[in-house]
Amino acid sequence: MSELYDSRTTPPAPIEEIISIFRYPDLIRQLIYRDLVARYKRSFLGVLWTMLNPLASMIILTIVFSRVFEMRGVYPAYILTNLLGWNFFAQTTQFSLNTILYGNELSKKIYMPRTAMILATAITGMINMLFALVPLVIIYLATGTPFAPSALLLPFSLFFLAAFSLGVSLLVSTAAVLFPDIGEFFPVLLMGYMYLTPVIYPASLITEVAGGWLLWLNPMYYLLNFLQMILFEGVFPGGGDWLSAAGVSLVFLLMGWIVFTNASRRFSYYV
Amino acid sequence: MSEPCQEHLAVTLKDVWVTYKLPTEQLRSIKEFAIKRVLNKVTFHDFSALKGISLDIPRGSVFGIVGRNGAGKSTLLKVISRVIYPTSGDVIVRGRVSPLLELGAGFHPDLTGVENIFLNGALLGYTRAEIEEKMEGIIRFSEIGEYIYAPIRTYSSGMIARLGFSIAVAKDPEILILDEILSVGDAGFQEKSMARISEIMANPNTTILLVTHSPGLVADLCDRAVILESGNLIASGSGLEISDRYHQMLGGNA
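These protein sequence lines are chains A and B, in that order. In terms of this note's numbering, the first sequence opens at residue 1 and continues consecutively. In terms of this note's numbering, the second sequence opens at residue 1 and continues consecutively.
FYI, nobody ran anything at the bench for these hints, they're computed from the structure. Treat the hints loosely; a few may be bogus.
[To be verified] Okay, derived cross-link-like pairs now, DSS-like style, lysine-lysine, Cα gap no bigger than 30 Å in a straight line:
hint, chain 1, residue 1, chain 2, residue 2
1, A, LYS108, B, LYS21
2, B, LYS21, A, LYS109
3, B, LYS192, A, LYS41
4, A, LYS109, B, LYS14
5, A, LYS108, B, LYS14
6, B, LYS14, A, LYS41
7, B, LYS21, A, LYS41
8, B, LYS171, A, LYS109
9, A, LYS109, B, LYS192
10, B, LYS51, A, LYS41
11, B, LYS31, A, LYS41
12, B, LYS134, A, LYS41
13, B, LYS171, B, LYS134
14, B, LYS134, A, LYS108
[To be verified] Listed next, the stretches of chain A that the computed footprint assigns to chain B, with coverage defined by at least 3 CB atoms under 8 Å from CB atoms of chain B:
hint, segment
15, 31-41
16, 94-108
[Stated by the list, open to error] Some chain B residues flagged as far from chain A (calculated, every beta-carbon gap over 10 Å):
hint, residue
17, GLU115
18, LYS134
19, GLU146
20, MET194
21, ALA195
22, MET201
23, HIS213
24, ASP223
25, SER236
26, GLY237
27, GLN248
Heads up, the beta-carbon is just placed ideally off N, CA and C, and yes, glycines get one too.
Chain A with its partners taken away, still in its complex shape (with noise of 0.2 Å):
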């Protein structure tokens, strides 16, 4: 049975778009291999950056914060643990933004899922995140953190932090159509949300100096804040925890599939 392409009964676009995935079985898979093989082929080392990186920063961080500051109670294991959610948060939606203003002559020339890159993008950085966790694993183990039962926990905060990168990539992703500036911006919006957030210092410092309210509208904090209960601290979220990080990724999710959608029929029209 051939498909049938009518713009007159097509459903609302963002059930159209989940359609138009199914129709292209092999295609975000095939995404996500020449995301990897264009990043670790031609590299040295390859696969070891993404290991090394998070590991680099976290040594530079905890220098620059225990010697410099002097800042007590602030340890490897803790950055280390905010780096792989932060980092992964960070190069999706800075991935995602740079494939649809720069890597998109393709979607010009041919129809494809619109959300089809993006996807690949967000779970290409779920697997380049994976590879981050040995080195956790390493820290954790040279430090003396122990892992907790709770750490058995790991696959949902990692599939909040992806639903929620996903949604905000979304929104940034259409954002940067209508306007490219956005693209040259966005690096220090990114970096000014990091140290809005807890993430190289502890979230007593925000409350101390601004006061709750701070954290309690930043979203990442839920997220993060998750990830670091069941790695770190060891101990189990309560149901509060649970509604906020869930509620927070899915929020934006929703949110995002539904802006981008409806305004990527526009795109073209957008030179």
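Take the given structure of chain A and dock chain B to it, following the hints.
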């Protein structure tokens, strides 16, 4: 709203408009836009690449689209292949569209020939099993030989075009878009690719949209054809009629 007996048509367009809103000045930065917007100084003018096109393309036909540069031919193809969503009007396409243009678009230089066949096939909507089944034929047709396992950044542009062509025609498409008649590779390969296209044209289930500048090709190959002129469909008829008409048009303006 469904009309009976439309199954014999591969493509139906009804009053299709594609209208770009162009800012009178180039405003692509937020700052500029925000400032002017606040001052209410953003003015747009409309540019319509397609102005109410209606046409029916019968299944299995070879359908010609001719017109001068800027007449709207590429925009029309993009609407049919879903790259552009029409500003208004209805588009009905019965079958999957395979574009035979931009050969090798989507290839990645660091992937080998084989890996690129999988990637390109996935972009065309083939399943992995379909690609695996066609793999041997694609490699043989492309004449790439042992280099199929080398990254395609080492390929010549001719090899890349040959590989792109071989993937695109591996399966008889439901709706094939030919943007100009292709000249891929050397004389030998051109002959082979023309033979393959003739084979596809003979398939009663495959509809071909042929965009060309050449009145001769329209007369030789097309069952039906249309002429586009600045976004309007100004003539429609048999291949022979349109070929004559277009020939006159070009002559009259030469």
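Among the hints numbered above, which are violated by the structure, and what are their numbers in rising order? Violated: hints 3, 6, 7, 10, 11, 17.
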